[in-house]
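Undergrad: Residue numbers (full-length UniProt numbering): 1 to 363.
These aren't lab readings, by the way, just hints derived from the structure by calculation.
Hints may contain errors.
Unchecked claim - Straight line, CA to CA, 25 Å or less: simulated DMTMM-like cross-link-like pairs of lysine to aspartate or glutamate:
(1) K197 <-> E107
(2) K303 <-> D226
(3) K202 <-> E141
(4) K197 <-> E283
(5) K203 <-> E69
(6) K197 <-> D129
(7) K217 <-> E283
(8) K236 <-> D226
(9) K217 <-> E107
(10) K350 <-> E117
Computed from a predicted structure; not experimentally measured.
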Amino acid sequence: MLTNGKEQVIKSCVSLPELNAQVFCHSSNNVTKTECCFTDFCNNITLHLPTGLPLLVQRTIARTIVLQEIVGKGRFGEVWHGRWCGEDVAVKIFSSRDERSWFREAEIYQTVMLRHENILGFIAADNKDNGTWTQLWLVSEYHEQGSLYDYLNRNIVTVAGMIKLALSIASGLAHLHMEIVGTQGKPAIAHRDIKSKNILVKKCETCAIADLGLAVKHDSILNTIDIPQNPKVGTKRYMAPEMLDDTINVNIFESFKRADIYSVGLVYWEIARRCSVGGIVEEYQLPYYDMVPSDPSIEEMRKVVCDQKFRPSIPNQWQSCEALRVMGRIMRECWYANGAARLTALRIKKTISQLCVKEDCKA
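Turn these sequences into a full structure, and let the hints steer you where they fit.
TA: What follows is the structure, given as structure tokens:
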């Protein structure tokens with residue numbers, strides 16, 4: 001049981017007045033030895049979230065954050081830069097009508113063993129009621145450089161910088177995709193909305209994968225996929241061919257991992273275009289910028305990607321640079337129409353790690 005943020009084990013039923021403390025009684029997969037009484041009490045409860053903080057601590061944090069400025073907007077609502085105890089935090093604010101999305105993202109972030117340096121660090125989830133409406137908050141680490149999309153629009157990258165960004169994305173995705181077996185294990189997770197706007201750039205100029213609201217988890221024992229009741233299945237521009245033409249087998253978890261890999265190939269193309277070699281650098285563009293409108297429909301994307309089988313063009317000058325040549329090859333192997341032929345996140349990570357050693361970059 002948690003009383004005022006402290007974890008305790010109590011063997012018998014106790015009432016709230018007796019405790020003289022805030023109590024949170026909760027039963028889920030994250031709770032061990034759970035026996036709840038049928039009133040306002042609980043006994044023999046041990047609850048501690050595997051990532052983030054205990055629920056009462058999360059609530060306390062959320063209620064002492066001072067919002068500073070809005071730093072972004074999305075389909076769900078707004079992202080704010082906030083301050084908590086002298087620390088910078090990011091606050092993603094959902095409206096109450098998007099409660100399902102908020103709950104789902106909080107649930108995914110609190111998956112056992114999810115924490116990784118290249119996955120956005122979750123801090124807390126809470127709801128804030130001002131009497132008129134309810135806001136749903138997700139609090140996470142704050143990265144002042146913003147999204148990879150913002151970063152690439154503002155900055156040219158060196159070869160070493162490109163490798164660092166690409167390797168960190170592959171590392172984060174490999175961890176997300178990996179199943180860790182054991183009592184403190186983690187399920188395999190597919191992101192389903194990989195794009196440069198959903199990847200953040202840290203101070204050290206490596207990346208953290210964010211926006212896990214559309215992610216799906218795989219239960220390898222039951223061989224089931226917990227597809228959330230969410231009609232949105234990603235961003236059309238970044239959708240894999242099998243998503244666009246509706247041939248994806250949603251009953252096989254590998255299908256979702258393979259779709260993530262296609263999207264990662266597009267993100268790598270965005271990064272590589274901004275890499276300066278011999279003074280030549282391309283202006284930032286979104287994938288397929290020269291083939292579809294700014295807000296393409298599924299039908300427009302399907303025509304280009306599935307019917308015409310087009311992919312973003314790989315410039316000839318990349319052949320004169322070993323690192324860009326390797327990155328170009330990785331992209332092509334991410335973009336195969338046949339998902340089963342695509343690289344895995346782990347394979348990409350290993351290839352870029354080898355490139356990093358060759359180029360002597362400190363990733």
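Undergrad: Hint by hint, note whether the structure agrees.
TA: Structure-based check of each hint:
1. K197 <-> E107: Answer holds: K197 to E107 is near 21 Å, not above 25 Å.
2. K303 <-> D226: violated (30 Å)
3. K202 <-> E141: The given pair, whose Cα atoms are some 10 Å apart, holds under the 25 Å limit.
4. K197 <-> E283: holds (17 Å)
5. K203 <-> E69: Judged against 25 Å, a Cα distance of about 19 Å means the pair holds.
6. K197 <-> D129: violated (29 Å)
7. K217 <-> E283: violated (37 Å)
8. K236 <-> D226: holds (22 Å)
9. K217 <-> E107: It holds: about 11 Å lies between the C-alpha atoms, which stays within 25 Å.
10. K350 <-> E117: holds (17 Å)
Going down the numbered hints, you'll see the structure goes against 2, 6, 7, while the others check out.
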